[in-house]
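Using the hints provided, position chain B relative to the given structure of chain A.
Each chain, letter by letter, is given below.
Protein chains: 2
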Amino acid sequence: MTVELICVGTELLLGNIVNTNAAFISEKCAMLGLSMYYQSVVGDNPGRLEELLRTARERSSVIILSGGLGPTQDDLTKETAAKVLHRNLVEDKKAKQKIQEFMEKRGRRITENNWKQAFVPENSQVLYNSNGTAPGIIMEEGQTRMILLPGPPNELIPMFEEQVFPYLHKLQPETICSKMVKLCGIGESSAETKILDLIDAQTNPTVAPYAKTGEVHLRITAKAESKQAAYALIEPLEQELQNRFGSLIYTDDSNVTLEMAVYHLLKEKQLTVTTAESCTGGLLAGRLINVPGISEYLKEGYVTYSNEAKEKLLGVEAEILKKHGAVSSQTAEAMARGGAKAAGADICIAVTGIAGPDGGTIEKPVGLVYMSCFCRGKLYTEKNHYSGDRGKIREYAVASALTLLREAVLKYKDEG
Amino acid sequence: MTVELICVGTELLLGNIVNTNAAFISEKCAMLGLSMYYQSVVGDNPGRLEELLRTARERSSVIILSGGLGPTQDDLTKETAAKVLHRNLVEDKKAKQKIQEFMEKRGRRITENNWKQAFVPENSQVLYNSNGTAPGIIMEEGQTRMILLPGPPNELIPMFEEQVFPYLHKLQPETICSKMVKLCGIGESSAETKILDLIDAQTNPTVAPYAKTGEVHLRITAKAESKQAAYALIEPLEQELQNRFGSLIYTDDSNVTLEMAVYHLLKEKQLTVTTAESCTGGLLAGRLINVPGISEYLKEGYVTYSNEAKEKLLGVEAEILKKHGAVSSQTAEAMARGGAKAAGADICIAVTGIAGPDGGTIEKPVGLVYMSCFCRGKLYTEKNHYSGDRGKIREYAVASALTLLREAVLKYKDEG
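Chains as they are written, first to last, in the numbering used here: chain A, 193 to 608; chain B, 193 to 608.
These are calculated hints, taken from the structure and not from any lab test. One or more of the hints may lead you astray.
A pair counts as met if it fits within one copy or between any two copies, since identical chains are not told apart.
[Claimed, not checked] Capping the alpha-carbon separation at 27 Å, the derived lysine-lysine pairs in DSS-like fashion look like this: (1) Lys-533 x Lys-504; (2) Lys-570 x Lys-605; (3) Lys-504 x Lys-461; (4) Lys-362 x Lys-605; (5) Lys-584 x Lys-404; (6) Lys-584 x Lys-290; (7) Lys-297 x Lys-556; (8) Lys-286 x Lys-404; (9) Lys-297 x Lys-386; (10) Lys-297 x Lys-404; (11) Lys-290 x Lys-515; (12) Lys-459 x Lys-504; (13) Lys-514 x Lys-504; (14) Lys-584 x Lys-556; (15) Lys-504 x Lys-556; (16) Lys-584 x Lys-297; (17) Lys-584 x Lys-459; (18) Lys-570 x Lys-533; (19) Lys-603 x Lys-461.
Chain A on its own, in the form it takes in the complex:
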């Protein structure tokens, strides 16, 4: 079954916003085994939208539209889609009531415009919206299915997950299941090379790599007549990935992030951690604190951007800084050792490097980052060299530091 996506909004054509909805919807459709051949963006222009809808009807069986369901005169997606399918708009009482509730709850004044949003094409399935005033709509007409969704991601995402995904799932004669295996500590091309034979030979299940900063995610997808049968197809491939990547796999749960995986390990082993950051300057602590509940294991962190701060807060000896420089394995190790002591934590992960654009030399170029993890008396130290701008270098350093921290905690188990 083919699906086509049309995003409506002049703000997309002007580049005011990035089209994250397209990536979200496309990924979900791929998970469902739907083939998407076209995505389009048009402005809030009913003539052009109508033309595009007619073209889409000829080439795709499911047409998903996002945006243009707002209360203003410009918002004409619903009107245009109804016109193409020859339907009138009728008031939906429940939609009207939901709009009223939504506005009252937020103490906002309801304007006449808002009631426009309670009108839906006749004989359509209404997708009620808990996060905004625009209901979504599903229309079926012959071989065509048209799905209209509100543009704001905080409305579109839950509506898709809760109402559209199950609807599309039912259209598929087969059950499609997928599992995400997430790796850290390996680059995308190395990961891909390791499974090239699997990718080349694949039909069902399939495996596809998704590159993230400092991580590679592998999605295994299988089609079968039942959930159980699909997972039975996935299982041997997952086992094969497990054999090939071993402890580089930090989770097989798509909802678990790298920092969450680290948190689970800390919790399992009841180890506390602190951070000592120079070039990453708080971003590493910031990522760990993404995890609700980390407060039991991370009580404090240090941003020690200057040499004085490294001495004062972490007890790094002036001698080390003078002899080896702030960006050195010796300083990274002293920061890690000193940070753990200062915080009274089992572990300290320390990062020091040159994020640029200035400050690089031939011996110590921009992008050179040392990191060290002190874990109950043991030190794990790493030298990395990243390319990219200041932002990218810091982002990669944070991902590597989380990976090093994870490895140290994993090893603690092995030896403990």
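Below, chain B without anything else, positioned relative to chain A:
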């Protein structure tokens, strides 16, 4: 003049990556005064791409394509575009040499595939690529202009900025200039309301708002026969925005970020700063350290996620924490006062709040964030309530804290 964008890549249709190229190119085209009515995404499929190119030729005068210029068999954008314009591919010696240089410099082995990238449609303008092996291409045929660009943003962006932007600029009979006025401390809808009369009345110059987290950017664009004349049109409108928004404007330079504006103020007034973060957990320090050179003014920062850390590192009295709780104006103020003292800094910006998803109560719901800025003896304290998930709440809190810090430093000048 109308422009249309076609992004080629199966990875976009599968949702593996977000189409940031589309937003980048669209914004640049809007700056140039080019009207974009359509954006499309197709996979690496020559049949569908050809059909789309023929449609685009009928409705747009400039067609920009991104992606599909790689060395593999799948990459067929160049071949397809050449076919539509009835051109043969010929080897470009300079492109070949550039590919060789690029690969050798990186110590990579050149495969037979790579030489495919040295072939370009005859009679085309070649855009040499300093950041990859795929040259870009411009073809002119009757009223049609086709511009082919490599997909990776680190290749596309510099090629666009350096070669395509000037090319498109020349096509425009008029000079188009723009200026970005950036605001903080005001929401998008309030900002828009304040200039609704200007937006409604506008023809040349125009002003358009772009919403960012905790910021609003207003782009003024003017068309004229010369640069000087365009800026002469911009100037009174910028003055008008200055009158209406006053010190909420933190810069009129599109390259300056909020943290850079704060850095410039700290430098101007020679004030040092430190951070004391609870719920933002390092992200505020992380943003300040985005600015190269901040090290002179920010030497250290504290992540004090637990009550113990607030007492130990910042000297917050146990009494205050007990009586008012960790999320209170009293604690925020004690953190700010204590942080400045601990770091020996002129200023400390402190943040404490409930980022969720748990930990909220009726009196102190998720999203409640207190922040306080101590600046040479004065305290500026703010209570905010954000909606969204944990990530959004923390991101907004960081933006507000930077705004509060900026205000405190600005006021210091007034009173100094």
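To see whether the hints hold, each was checked on the structure:
no. : hint              : in the structure
1   : Lys-533 x Lys-504 : both (13 Å within a copy, 14 Å between copies)
2   : Lys-570 x Lys-605 : within (13 Å within a copy, 50 Å between copies)
3   : Lys-504 x Lys-461 : between (30 Å within a copy, 25 Å between copies)
4   : Lys-362 x Lys-605 : neither (45 Å within a copy, 64 Å between copies)
5   : Lys-584 x Lys-404 : both (12 Å within a copy, 20 Å between copies)
6   : Lys-584 x Lys-290 : between (44 Å within a copy, 25 Å between copies)
7   : Lys-297 x Lys-556 : between (58 Å within a copy, 18 Å between copies)
8   : Lys-286 x Lys-404 : neither (42 Å within a copy, 34 Å between copies)
9   : Lys-297 x Lys-386 : between (54 Å within a copy, 26 Å between copies)
10  : Lys-297 x Lys-404 : between (39 Å within a copy, 26 Å between copies)
11  : Lys-290 x Lys-515 : neither (68 Å within a copy, 41 Å between copies)
12  : Lys-459 x Lys-504 : between (30 Å within a copy, 24 Å between copies)
13  : Lys-514 x Lys-504 : within (15 Å within a copy, 29 Å between copies)
14  : Lys-584 x Lys-556 : within (18 Å within a copy, 36 Å between copies)
15  : Lys-504 x Lys-556 : within (25 Å within a copy, 36 Å between copies)
16  : Lys-584 x Lys-297 : between (42 Å within a copy, 21 Å between copies)
17  : Lys-584 x Lys-459 : between (30 Å within a copy, 25 Å between copies)
18  : Lys-570 x Lys-533 : within (13 Å within a copy, 34 Å between copies)
19  : Lys-603 x Lys-461 : within (11 Å within a copy, 49 Å between copies)
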